[in-house]
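Student: Please build the complete structure, drawing on both the sequences and the hints.
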Amino acid sequence: MVAEAQRYLQAREEALRSHDAHHDSSVGESGTLPPGGRTPRDMPALPRIPPQARNAAFATVIYSEFLKELAAIAQEHSIQSHLPFNE
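When we follow the UniProt record's numbering, the leftmost residue of the sequence shown carries the number 1, and every step to the right adds one.
For the record, the hints were derived by calculation from the structure and aren't laboratory data.
Among the clues, some could well be false.
What the hints assert, rightly or not - SDA-like, lysine to any residue: derived pairs with alpha carbons at most 20 Å apart:
{"no.": "1", "residue 1": "Lys68", "residue 2": "Pro84"}
{"no.": "2", "residue 1": "Lys68", "residue 2": "Val2"}
{"no.": "3", "residue 1": "Lys68", "residue 2": "Ala11"}
{"no.": "4", "residue 1": "Lys68", "residue 2": "Ile79"}
{"no.": "5", "residue 1": "Lys68", "residue 2": "Ala57"}
Tutor: Here is the structure:
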(Lines of atoms letter the chains of each structure in order from A and count residues from 1; the text may use other names and numbers.)
(Lines give C-alpha, C1' and ligand atoms only; values in the text may rest on other atoms or scores of the structure.)
Protein backbone atom coordinates (compact mmCIF):
# COMPACT_ATOMS: atom_id res chain seq x y z
CA MET A 1 0.00 0.00 0.00
CA VAL A 2 2.79 2.44 0.91
CA ALA A 3 4.81 1.47 -2.18
CA GLU A 4 1.76 2.11 -4.36
CA ALA A 5 1.27 5.52 -2.73
CA GLN A 6 4.95 6.32 -3.27
CA ARG A 7 4.75 5.43 -6.97
CA TYR A 8 1.63 7.59 -7.31
CA LEU A 9 3.24 10.60 -5.64
CA GLN A 10 6.38 10.24 -7.80
CA ALA A 11 4.30 9.99 -10.97
CA ARG A 12 2.25 13.00 -9.87
CA GLU A 13 5.40 15.03 -9.24
CA GLU A 14 6.80 14.09 -12.65
CA ALA A 15 3.52 15.11 -14.29
CA LEU A 16 3.59 18.44 -12.46
CA ARG A 17 7.22 19.04 -13.43
CA SER A 18 6.57 18.28 -17.08
CA HIS A 19 3.52 20.53 -16.91
CA ASP A 20 5.62 23.30 -15.37
CA ALA A 21 8.22 22.91 -18.12
CA HIS A 22 5.44 23.09 -20.70
CA HIS A 23 3.95 26.06 -18.82
CA ASP A 24 7.26 27.92 -18.94
CA SER A 25 7.51 27.43 -22.69
CA SER A 26 3.87 28.32 -23.41
CA VAL A 27 3.41 31.38 -21.21
CA GLY A 28 2.67 34.42 -23.30
CA GLU A 29 3.68 38.00 -22.73
CA SER A 30 0.76 38.42 -20.35
CA GLY A 31 2.22 35.74 -18.06
CA THR A 32 -0.82 33.51 -18.24
CA LEU A 33 -1.42 30.09 -19.71
CA PRO A 34 -3.52 29.69 -22.79
CA PRO A 35 -7.05 28.40 -22.08
CA GLY A 36 -7.16 24.80 -20.96
CA GLY A 37 -3.96 24.85 -18.85
CA ARG A 38 -3.71 21.44 -17.20
CA THR A 39 -5.77 18.59 -18.53
CA PRO A 40 -6.91 15.70 -16.33
CA ARG A 41 -4.95 13.21 -18.44
CA ASP A 42 -1.68 14.84 -17.27
CA MET A 43 -2.25 13.54 -13.76
CA PRO A 44 -1.84 9.85 -12.87
CA ALA A 45 -4.80 7.87 -11.59
CA LEU A 46 -5.21 7.53 -7.84
CA PRO A 47 -3.84 4.25 -6.46
CA ARG A 48 -6.26 1.56 -5.31
CA ILE A 49 -5.87 2.27 -1.62
CA PRO A 50 -8.96 2.09 0.59
CA PRO A 51 -10.13 5.64 1.37
CA GLN A 52 -9.79 5.13 5.12
CA ALA A 53 -6.10 4.20 4.68
CA ARG A 54 -5.20 6.66 1.90
CA ASN A 55 -4.23 9.57 4.15
CA ALA A 56 -2.10 7.32 6.35
CA ALA A 57 -0.31 5.86 3.32
CA PHE A 58 0.39 9.27 1.80
CA ALA A 59 1.48 10.67 5.18
CA THR A 60 3.90 7.76 5.61
CA VAL A 61 5.48 8.41 2.22
CA ILE A 62 5.71 12.17 2.69
CA TYR A 63 7.11 11.79 6.22
CA SER A 64 9.80 9.37 5.06
CA GLU A 65 10.80 11.76 2.26
CA PHE A 66 10.88 14.62 4.76
CA LEU A 67 13.20 12.62 7.03
CA LYS A 68 15.53 11.90 4.10
CA GLU A 69 15.72 15.60 3.25
CA LEU A 70 16.28 16.50 6.90
CA ALA A 71 19.10 13.96 7.16
CA ALA A 72 20.72 15.38 4.02
CA ILE A 73 20.54 18.92 5.40
CA ALA A 74 21.97 17.80 8.74
CA GLN A 75 24.80 15.97 7.01
CA GLU A 76 25.58 18.98 4.84
CA HIS A 77 25.56 21.22 7.91
CA SER A 78 27.91 18.91 9.82
CA ILE A 79 30.34 18.78 6.89
CA GLN A 80 30.30 22.56 6.47
CA SER A 81 30.93 23.12 10.17
CA HIS A 82 34.20 21.16 9.92
CA LEU A 83 35.54 23.05 6.92
CA PRO A 84 38.01 25.82 7.70
CA PHE A 85 36.60 29.30 7.27
CA ASN A 86 38.51 31.22 4.60
CA GLU A 87 38.32 34.98 4.70
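Student: Confirm or reject each hint.
Tutor: Hints versus structure:
1. Lys68 - Pro84: Violated: Lys68 and Pro84 sit about 27 Å apart, past 20 Å.
2. Lys68 - Val2: The hint holds at about 16 Å.
3. Lys68 - Ala11: It holds: about 19 Å lies between the C-alpha atoms, which stays within 20 Å.
4. Lys68 - Ile79: Within the cut-off at roughly 17 Å; holds.
5. Lys68 - Ala57: holds, 17 Å
When held up to the earlier numbered hints, the structure conflicts with hint 1 and nothing else.
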